[in-house]
Amino acid sequence: MDDLTKMVRDYVVREYIEEGDDREVTETTPLISGGIVDSFSMVSLKRFLEKKCNVQIPDADATPAAFDSVQSIVALVRRFQKT
Amino acid sequence: MSNHPTYQELTKDFDWSIAERELGYQQGDKINIGWMCSDRICNMGLAEKPALIWEDHQGTEKRFTYNDVRVLSNTIAQFLVGLGIRPGERVCLFMDRVPELYIGFLGILKTGAVAQPLFSAFGDESLFVRLLNAGTRAIITQKKHVLKVRKIRNRLPELRCIIVVDSGDAPLQEREVSFQMEKTPRMEEFEVYPTTAESPSVLHYTSGTTGQPKGAQHVHYSIISQYLTAKWVLDLRPDDIYWCNADPGWVTGTSYGIIGPWVNGITQAVLDSGFFAERWYEFIEKHRITVWYSAPTAIRLLMKEGNELVRRHDLSCLRHLCSVGEPLNAEAVLWSREVFGLEFHDTFWQTETGCIVITNFPGMPIKPGSMGKPFPGLAATVLNPVSYEPINQTGAAGLIALRPGWPSQFRYYLNNEAGYQAKFKNGWYLCGDRASIDADGYYWFVGRDDDVINTGGHLVGPFEIESALLEHPAVAESAAVAKPDEVNMEVVKAFVTLKPGFQPSDDLELEIMNHIRKRLSPLAMPQEIEFIDALPKTRSGKIVRRVLRCKEFNEPVGDISTIMND
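Protein chains in written order, with our numbering: chain A, 1 to 83; chain B, 1 to 566.
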């Protein structure tokens with residue numbers, strides 16, 4: 001697991017999983033459809049990514065599909081890091 | 001050509017006794033929502049008809065017939081009685097949209113206890129204030145949510161039992177008990193508690209401008225309104241497969257996500273999954289959904305995902321679409337006309353009304369952006385905000401008001417008589433919203449009449465947010481107001497002054513946002529925090545939210561000299 005993936009996964013676990021909850025979050029765990037992150041909480045997650053990864057993610061690209069797994073979030077960040 | 005009755009035909013000689021007759025109820029009879037939605041349907045020869053088609057985000061599917069719902073709700077009822085739950089006591093449902101939530105709701109009501117559903121995304125503080133106010137005796141929850149309950153249970157002396165429906169082999173703690181619905185011996189028979197029309201049934205919490213959330217208490221007679229509005233407005237018919245998007249933690253999810261369809265003997269489908277456009281369309285296509293009750297926020301999110309996604313699915317099964325939560329904008333109606341060949345019918349109501357009160361009926365010409373017309377039997381108007389007299393001028397905005405007395409009207413706010421009395425003026429119930437009425441009798445939403453924030457169709461009280469903001473070590477003072485939002489209509493914005501030693505920063509903003517999300521709920525989390533030097537206040541030191549709100553909406557503040565001198 002690379003540094004970016006680990007950072008995103010650790011943040012999701014720390015902020016969205018209740019302490020003591022033994023559910024595992026992998027790179028492909030469904031976050032939005034699985035009810036771990038909801039559409040309102042996406043705002044703070046997007047803010048975190050923009051701050052820590054120094055990217056600007058347009059609202060139009062911050063879709064539930066793009067935020068549905070650690071893997072898709074990392075891909076989204078990388079797309080905007082490149083441009 | 002529509003075969004629906006006209007609005008004039010529906011309203012002519014209307015009386016709620018229409019519903020009483022169809023449900024076989026006579027004044028003075030025993031009436032129990034749990035029995036009406038399960039045993040009664042079985043007695044009509046529909047025992048083997050599917051009542052619930054349930055699916056989770058992974059596609060796992062479960063099906064329950066009306067007989068399953070009858071027997072399993074008996075089983076839950078018997079379990080509760082065995083734990084010592086007594087009629088009138090509050091039993092909270094704190095779960096995701098799992099079958100135990102829907103069936104447990106009926107089980108609680110069968111015992112004569114009061115069902116108190118709470119949104120499973122609530123944080124521990126939101127949960128605490130609602131359980132404390134209700135003096136809740138038991139809570140039915142899931143393994144992943146019991147952790148929040150454990151944080152607060154020691155401050156809830158009246159909470160006797162914490163029932164975990166999926167604990168498996170996981171160790172339980174003090175006051176916790178395991179209940180696995182489908183593994184517990186099924187109770188074919190259960191003596192349903194003989195509730196009557198005015199027996200308390202469902203307790204839903206709603207937010208106001210001031211103070212903590214208020215518990216709106218409903219009674220078993222509410223089913224009269226819920227039955228007829230589901231039949232006439234949602235247009236439910238025997239062969240329908242119905243899908244209501246709302247979570248039963250909110251009133252739509254119980255009035256029309258449990259009671260409305262089941263008292264009509266309809267098959268309903270439930271998707272226990274977060275919002276995901278493709279998944280939603282697949283669900284409609286797979287289960288051949290015919291009637292869909294959704295919300296403007298969800299519809300606008302679907303619009304954002306584009307028309308191509310809709311075209312990739314066969315959604316020809318859809319027959320009737322409705323919407324609730326906040327006003328449905330005209331663009332959403334026009335979009336649904338284009339992509340589904342059907343219009344979303346906006347419906348207006350709230351926790352306190354218990355049923356749809358102003359609506360667009362099937363077959364009625366829709367004016368996109370309008371709320372529609374009052375449901376028959378409901379005397380509605382808009383009132384002058386000073387005199388509380390009806391405004392007779394076409395197009396003039398006033399307070400939406402209803403003449404009290406419809407069956408599903410809430411009966412009181414639990415432990416809050418003053419709050420209840422404040423909702424009535426000059427013989428009218430005030431909804432807290434403003435609207436105008438056009439020459440054809442259609443209502444047009446104007447806005448809220450208070451500081452409550454309507455975000456994604458859910459009301460969030462500023463007081464609750466401000467109280468939680470003050471718990472953060474950096475926050476000196478705070479004000480929470482609505483900010484316009486393209487998708488959610490409104491979102492929460494917080495204005496914050498900081499204590500000495502703290503500096504505004506992106507990190508601090510994110511930290512405060514997450515603090516509110518975890519303490520209260522994602523809905524209450526400010527989507528933006530503005531750090532300012534001082535908040536606008538009256539001479540007596542009261543924060544004037546109106547000034548901040550007007551700034552967000554680019555509206556003139558108007559004359560506030562009287563307020564500032566308060």
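Hints in this document: simulated from the structure, not taken from any laboratory. Any given hint might turn out to be false.
Unchecked claim - Computed, partial: chain B to chain A, Cβ under 7 Å: (1) Leu147; (2) Gln527; (3) Phe531.
Claimed, not checked - No farther apart than 35 Å at their CA atoms in a straight line, the calculated lysine-lysine pairs in the DSBU-like style are these: (4) B:Lys367 x B:Lys423; (5) B:Lys143 x B:Lys367; (6) A:Lys6 x B:Lys425; (7) A:Lys46 x B:Lys499; (8) A:Lys46 x B:Lys231; (9) A:Lys46 x B:Lys423; (10) B:Lys12 x B:Lys62; (11) B:Lys499 x B:Lys231; (12) A:Lys46 x B:Lys286; (13) B:Lys518 x A:Lys52; (14) B:Lys286 x B:Lys231; (15) B:Lys518 x B:Lys367; (16) A:Lys46 x B:Lys143; (17) A:Lys46 x B:Lys49; (18) A:Lys51 x B:Lys144; (19) B:Lys367 x B:Lys286; (20) B:Lys518 x B:Lys151; (21) B:Lys425 x B:Lys304; (22) A:Lys6 x B:Lys518; (23) A:Lys52 x B:Lys143; (24) B:Lys30 x B:Lys151; (25) A:Lys52 x B:Lys144; (26) A:Lys46 x B:Lys304; (27) B:Lys49 x B:Lys231; (28) A:Lys6 x B:Lys144; (29) B:Lys499 x B:Lys425.
Note that the coordinates shown come from a computational prediction; the quantities given were computed from them, not determined experimentally. Note that beta-carbon positions come from the ideal geometry of N, C-alpha and C, so glycine has one too.
Going down the list of hints, with the structure as the test:
{"no.": "1", "hint": "Leu147", "result": "holds, 4 Å"}
{"no.": "2", "hint": "Gln527", "result": "holds, 5 Å"}
{"no.": "3", "hint": "Phe531", "result": "violated, 15 Å"}
{"no.": "4", "hint": "B:Lys367 x B:Lys423", "result": "holds, 30 Å"}
{"no.": "5", "hint": "B:Lys143 x B:Lys367", "result": "violated, 47 Å"}
{"no.": "6", "hint": "A:Lys6 x B:Lys425", "result": "violated, 58 Å"}
{"no.": "7", "hint": "A:Lys46 x B:Lys499", "result": "holds, 27 Å"}
{"no.": "8", "hint": "A:Lys46 x B:Lys231", "result": "violated, 42 Å"}
{"no.": "9", "hint": "A:Lys46 x B:Lys423", "result": "violated, 40 Å"}
{"no.": "10", "hint": "B:Lys12 x B:Lys62", "result": "violated, 43 Å"}
{"no.": "11", "hint": "B:Lys499 x B:Lys231", "result": "violated, 56 Å"}
{"no.": "12", "hint": "A:Lys46 x B:Lys286", "result": "holds, 33 Å"}
{"no.": "13", "hint": "B:Lys518 x A:Lys52", "result": "holds, 21 Å"}
{"no.": "14", "hint": "B:Lys286 x B:Lys231", "result": "holds, 24 Å"}
{"no.": "15", "hint": "B:Lys518 x B:Lys367", "result": "violated, 41 Å"}
{"no.": "16", "hint": "A:Lys46 x B:Lys143", "result": "holds, 28 Å"}
{"no.": "17", "hint": "A:Lys46 x B:Lys49", "result": "violated, 45 Å"}
{"no.": "18", "hint": "A:Lys51 x B:Lys144", "result": "holds, 30 Å"}
{"no.": "19", "hint": "B:Lys367 x B:Lys286", "result": "holds, 32 Å"}
{"no.": "20", "hint": "B:Lys518 x B:Lys151", "result": "holds, 12 Å"}
{"no.": "21", "hint": "B:Lys425 x B:Lys304", "result": "violated, 42 Å"}
{"no.": "22", "hint": "A:Lys6 x B:Lys518", "result": "holds, 22 Å"}
{"no.": "23", "hint": "A:Lys52 x B:Lys143", "result": "holds, 33 Å"}
{"no.": "24", "hint": "B:Lys30 x B:Lys151", "result": "violated, 40 Å"}
{"no.": "25", "hint": "A:Lys52 x B:Lys144", "result": "holds, 29 Å"}
{"no.": "26", "hint": "A:Lys46 x B:Lys304", "result": "holds, 18 Å"}
{"no.": "27", "hint": "B:Lys49 x B:Lys231", "result": "holds, 18 Å"}
{"no.": "28", "hint": "A:Lys6 x B:Lys144", "result": "holds, 23 Å"}
{"no.": "29", "hint": "B:Lys499 x B:Lys425", "result": "violated, 42 Å"}
This entry does not satisfy hints 3, 5, 6, 8, 9, 10, 11, 15, 17, 21, 24 and 29, going by the numbered hints stated previously.
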